[in-house]
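Enquirer: Construct the complete structure from the given sequences, taking the supplied hints into account.
Residue numbers (our numbering), protein chains in the order written: chain P, 1 to 301; chain C, 1 to 400; chain V, 1 to 293.
Hints in this document: simulated from the structure, not taken from any laboratory.
Mixed in with the good hints, there may be bad ones.
[What the hints assert, rightly or not] Some chain V residues flagged as far from chain P (calculated, every beta-carbon gap over 10 Å):
| # | residue |
| --- | --- |
| 1 | 6 |
| 2 | 89 |
| 3 | 95 |
| 4 | 134 |
| 5 | 144 |
| 6 | 151 |
| 7 | 160 |
| 8 | 164 |
| 9 | 168 |
| 10 | 176 |
| 11 | 187 |
| 12 | 188 |
| 13 | 189 |
| 14 | 222 |
| 15 | 284 |
[Unchecked claim] Cross-link-like lysine-lysine pairs, in silico, PhoX-like; alpha carbons within 25 Å at most:
| # | chain 1 | residue 1 | chain 2 | residue 2 |
| --- | --- | --- | --- | --- |
| 16 | C | 124 | P | 114 |
| 17 | P | 114 | C | 144 |
| 18 | C | 144 | P | 110 |
| 19 | P | 110 | C | 149 |
[Claimed, not checked] Distance ranges between label pairs, derived from CB positions:
| # | chain 1 | residue 1 | chain 2 | residue 2 | range |
| --- | --- | --- | --- | --- | --- |
| 20 | P | 111 | C | 395 | 40 to 48 Å |
| 21 | P | 110 | C | 179 | 49 to 57 Å |
| 22 | V | 52 | C | 69 | 26 to 34 Å |
| 23 | C | 214 | V | 163 | 36 to 44 Å |
| 24 | C | 362 | P | 110 | 43 to 51 Å |
The structure displayed is predicted, hence computed values, not measured ones.
Note that beta-carbon positions come from the ideal geometry of N, C-alpha and C, so glycine has one too.
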Amino acid sequence: MDFYFGLIQIIGVHTLLGLSAYVILLTGQLSIAQAAFYAIGAYVSAMLTVLWGWHIVPALFAGAAMGAFFATLVGFPALRVRGLMLVIATLAFGEGVRLFFFNFDYQIQKGNVKVGPLGPEGFRQIRYFPENGWTTFDVMLFVWVFVILVMALIWWVDRSRYGAVLRAVGDDELAAQSVGINLTAVKVSAMTVGGGIAGLAGCLYAHYTTHIEHLGFGVLQSVFAVAYPIIGGMASVFGTLFAVIFVQGILVEGLRFLGDWRNLLFGALIIVAMVVRPTGFLDALMLKRFARWFALGRERA
Amino acid sequence: MSKIALAVAAAFAATLGMQGGALAQEKTIKLAGFGVKSGVLRLFGLNSEAALKAAVEEVNKAGGVKLGDGSKAKFELADYLDDRCNAEEGISVVRRIAGSDALIAIGPTCSNVAEPLYGILQKKVDDKGDTGLQFPILTDVAIKGGLAKISEWSFRNVPSEFTMYSSLFYWLKTKHPNLTTVYGGVEEDFAHSRASWYAVMKDRSAANGYKVLGESKWLLNDTNFSTQVREMKKANADIVAIAAHPFTTCGVLKEMQRQGVKPKLLVGLTSTSSMETLAGCAKHAQGLIIPTSFAPVTKESKHAAEATAKKKGAADLHSMAAWENVFILKEAIERAKISGNKDAASLQTDRRKLRDALAATKTTKGLLGISKRTEDREADKPYVFVHAKGNDWVVLHNPL
Amino acid sequence: MLDFVQALIDGILYGTTYALIGIGFTLVFGVMHKINMAYASASIGAAYVALVVGGLVAGASAWLVFGLSFLLGGLFGLLVYLICFHLIPLGNENATLMSTIGMLLLVDELIAHATQGMPQNYPSTAFGEEMVRMGELSVRGDLIFVFAVSVVAMGALLALLYRTRMGLATRAVAQQPVAAQLCGIQVVKVNALTFVITGLLGGIAGALVCSAVGTLSILITGPLTVKGLIVTVIGGLGSVPGAIVAGLLVGGLENVVLYLRGVTERDLYVMLLMFAFLVFRPNGIFARGAGRD
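Expert: So, in structure tokens, the structure goes:
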């Protein structure tokens, strides 16, 4: 059972990572810097719990806040570039942050060991969960409380005016500007929210892996963050969730029985997913069908 | 019609019952291997898997392992799982193995998987407040120094680079007393190679009377070494020691040839003494001296290499550690008097007994001789020095 | 001072490999307004298959392998187009981004399976072992050759784009796809041809990069893809001469920062400088001329 709880934890954290990219993608900005905010959240919260003995919940919010703060710093210069150039700019920022942690040393003597991040060796012994008696099941619930909160928040936002504004900017910036929408405020706020969610995910990642290092926060991680909403579809947060379940549940774990073929099928099935459904699993049309199906069901009952 | 059907069904059920009875008498002990089978490190996983299969087959052919109740059980090797050198996946894989009826897991390949993995294990065995995973792991490949002490459930059978390079530099000093200077090359962003230069090669060469003139640095997937090799050329040291993996080692060696840098001796990183280096740059690696915990110099090591080759794997210090692990486990299991029952309670008791037996092991029988086990669950393995000659790694000096 | 100049020259020369890969990336973007993330991967794949076939046929002499890589690159380019681009609607950029990323992962893993992850020794031309000496400075012969190839490729591409009917059609599709279709130009054919041409170039680029590095390994594809994207953006999207200049610039900058600040800070400064460059000059060195909407 531990294995399933662990897998659900991974799906939860990756869903948060995907949602951080989703929110930004709604405004038409493709950001490959999510792993940077993920890293910032991870290191900050881990330092708080390991070096200064904070409780996990305030450390988590601190990590999320730092992620959001740095995302705002990226959000403003990002306004000047769009399309592929934004992709490169965010990639550059992301790599910059990773290289910062590659060089970052901050160790404190605790008892007879030194704890804290040590540059390329990473940050080990982030053992808040096992040391405080949390079981795999407890951690899973903890992760999913936040996943459900964030999903509910984004779902609610999507149904509100702010959601419509985000999508308007994503669909056509010129039209949005001409109805009086403040592009700067919308784009930067989306970046900030995305950075905060990624920082939150990073804290959870650091604590359930117990060891973080710069290599885990590279371009590939950012690419996956943005892959989830693209594969899942931009119509609803559930699309991202389905994409994470598809990638982590099916491609990574489910296909293990295929042995060696799994690695090859990983890339191949991503190609197939995109060719078969270029607008993602859950695009606007699919969402309407689902909604009608649910409504019909309710009517019959 | 139905009477015949009933009779057939009854006969079938009877045979099933008989089979069930026969099966119930033969116990198996399950071992699970895991590591990397995708990407650039694929070779490591393939070789370890082959070595495990060969070793398990050999143990079973000789009768298997003796259980606590005196009966014999065969080793069963679960499918080798691929963790793709990814921390989350490695943890997931071990949780999956722990949820099966395996007694112990052998792996991982990557040090950056081993560290988080040991981190999720219970730190001290009888700490009730620690909810870490209680499952033993015996590592064959991940070689970054000082990891096994992270948890009392983690054990490693990897060589001590500190001991080997200490001995190597001492031997080089006595054999070539006219050579006095050392210059290093190091892969900075990979924890293992970085530690191997600063904490091991640099330290140990200085301790043996060499003057260390400095080091050139690069990153794991760098491809342009012109500036670094120019620094090396300027230093003009007698010995150049390269703490890097095959890809960048080959790149640096090729650049050295281009710029005409010819040190008197070349020393390399432990893991570079493999087929990869020879496949990439055999010509340029000629004479590269590396200490290793495996070379086919004894009867046992030759036999292990042959058996692994039959399973389509190559024998090197990494895969042969996996082979040794199977025999270490056989011996520990027999000492621990394992029950071999598959119900949850017995399984957990067996795992604990195996862990305790491993912790109490003082020496193990390695392929080159007796390996000592240390207090913090690492190994002190016998070694030889090899150098690249032709298309092979040939023994240069055998201190055994 | 001399060391500094040497580091600069070494870097600029190595930048020729970035330039060569950047040309392919920028051309695809210029015509289709989409990024082919699998470009570097397919190029290295072509180089690998060429190595294997060349080895079987005639002992893997450098020129044979390069020639084979050239041809195979074109074939692989067409395959990438058919699998990752053809079936996806033209307007959808994100889907092709993902499909080409999937292709990158697939090609890398195929090479890993075939080589068992081991680096493969790659043949180099006679230039490769030579160092040309200019006074106190020395210069890598094989990289000069790579630079010559980039210039020739640029010349050939510009001739193709500006002196042939096909080139005219390509430019028309790049500027106004709908109007081009209305004039009877088959957009599908033009796009496929673009991929074949960039594929041919990619095959040569892959072989030359592996030859310059000395070994073929999938460790090359990731960083090469990132460099290719950086060069595309700095040079100006769609500008072939821009890609060459940007490649040399990035190469030179990289090595100078390495010389001044060391390898651990090298990439950090390069990334930050790039980020700043994008903020102050978002259209690249050679921005696309007027006539775009």
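Enquirer: So, for every hint listed, does it hold in this structure?
Expert: Checked hints:
For residue 6 of chain V, the condition that its CB be more than 10 Å from all CB atoms of chain P holds, with the nearest at approximately 25 Å. A beta-carbon of chain P comes within 10 Å of the beta-carbon of residue 89 of chain V; the shortest separation is about 6 Å. Against chain P, the non-interface label of residue 95 of chain V is violated: not every CB pair exceeds 10 Å, the least being about 4 Å. Chain P leaves residue 134 of chain V outside its interface by the beta-carbon criterion, the shortest separation being 34 Å against a cut-off of 10 Å.
The non-interface label for residue 144 of chain V is consistent with chain P: the shortest C-beta to C-beta separation is roughly 29 Å, beyond 10 Å. The claim that residue 151 of chain V lies off the interface holds: its Cβ sits roughly 25 Å from the closest Cβ of chain P, which is beyond the 10 Å cut-off. Every C-beta of chain P lies more than 10 Å from that of residue 160 of chain V, the closest at about 24 Å, which supports listing it as non-interface. Remark: the non-interface label on residue 164 of chain V is consistent with the geometry, its nearest Cβ contact in chain P lying 27 Å away (cut-off 10 Å).
The Cβ of residue 168 of chain V lies farther than 10 Å from every Cβ of chain P, with a closest approach of about 25 Å, so its non-interface assignment holds. Distance to chain P confirms residue 176 of chain V as a non-interface residue, since its nearest Cβ pair spans about 18 Å, more than 10 Å. Every Cβ of chain P is farther than 10 Å from the Cβ of residue 187 of chain V; the closest lies at roughly 17 Å, confirming the non-interface assignment. Once the 10 Å rule is applied to beta carbons, residue 188 of chain V is consistent with being away from chain P; the minimum gap is 16 Å.
Distance check for residue 189 of chain V against chain P: the nearest CB is about 20 Å away, which clears 10 Å, and the non-interface claim stands. The Cβ of residue 222 of chain V does not lie farther than 10 Å from every Cβ of chain P; its closest approach is about 7 Å, which violates its non-interface assignment. Non-interface call for residue 284 of chain V relative to chain P: violated, since the shortest CB-CB distance, roughly 8 Å, does not exceed 10 Å. With a C-alpha separation of about 19 Å, the suggested pair residue 124 of chain C and residue 114 of chain P falls inside the 25 Å cut-off, and the hint holds.
Of the supplied pair hints, the one linking residue 114 of chain P and residue 144 of chain C holds, its CA atoms being roughly 17 Å apart against a limit of 25 Å. A threshold of 25 Å between alpha carbons decides the hint, and for residue 144 of chain C with residue 110 of chain P the separation of about 23 Å falls inside it, so the pair holds. For a cut-off of 25 Å, the pair hint linking residue 110 of chain P to residue 149 of chain C stands: about 16 Å separates their Cα positions. One distance hint, 40 to 48 Å for the beta-carbon pair residue 111 of chain P and residue 395 of chain C, holds here, with the actual separation near 45 Å.
Checked against the given bound of 49 to 57 Å, the beta carbons of residue 110 of chain P and residue 179 of chain C, roughly 44 Å apart, lie outside it. About 56 Å separates the C-beta atoms of residue 52 of chain V and residue 69 of chain C, a value inconsistent with the hinted range of 26 to 34 Å. For residue 214 of chain C paired with residue 163 of chain V, a C-beta distance near 55 Å fails the hint of 36 to 44 Å. Taking 43 to 51 Å as the suggested C-beta distance range, the pair residue 362 of chain C and residue 110 of chain P does not conform, at roughly 32 Å.
In summary, the numbered hints that this structure violates are 2, 3, 14, 15, 21, 22, 23, 24.
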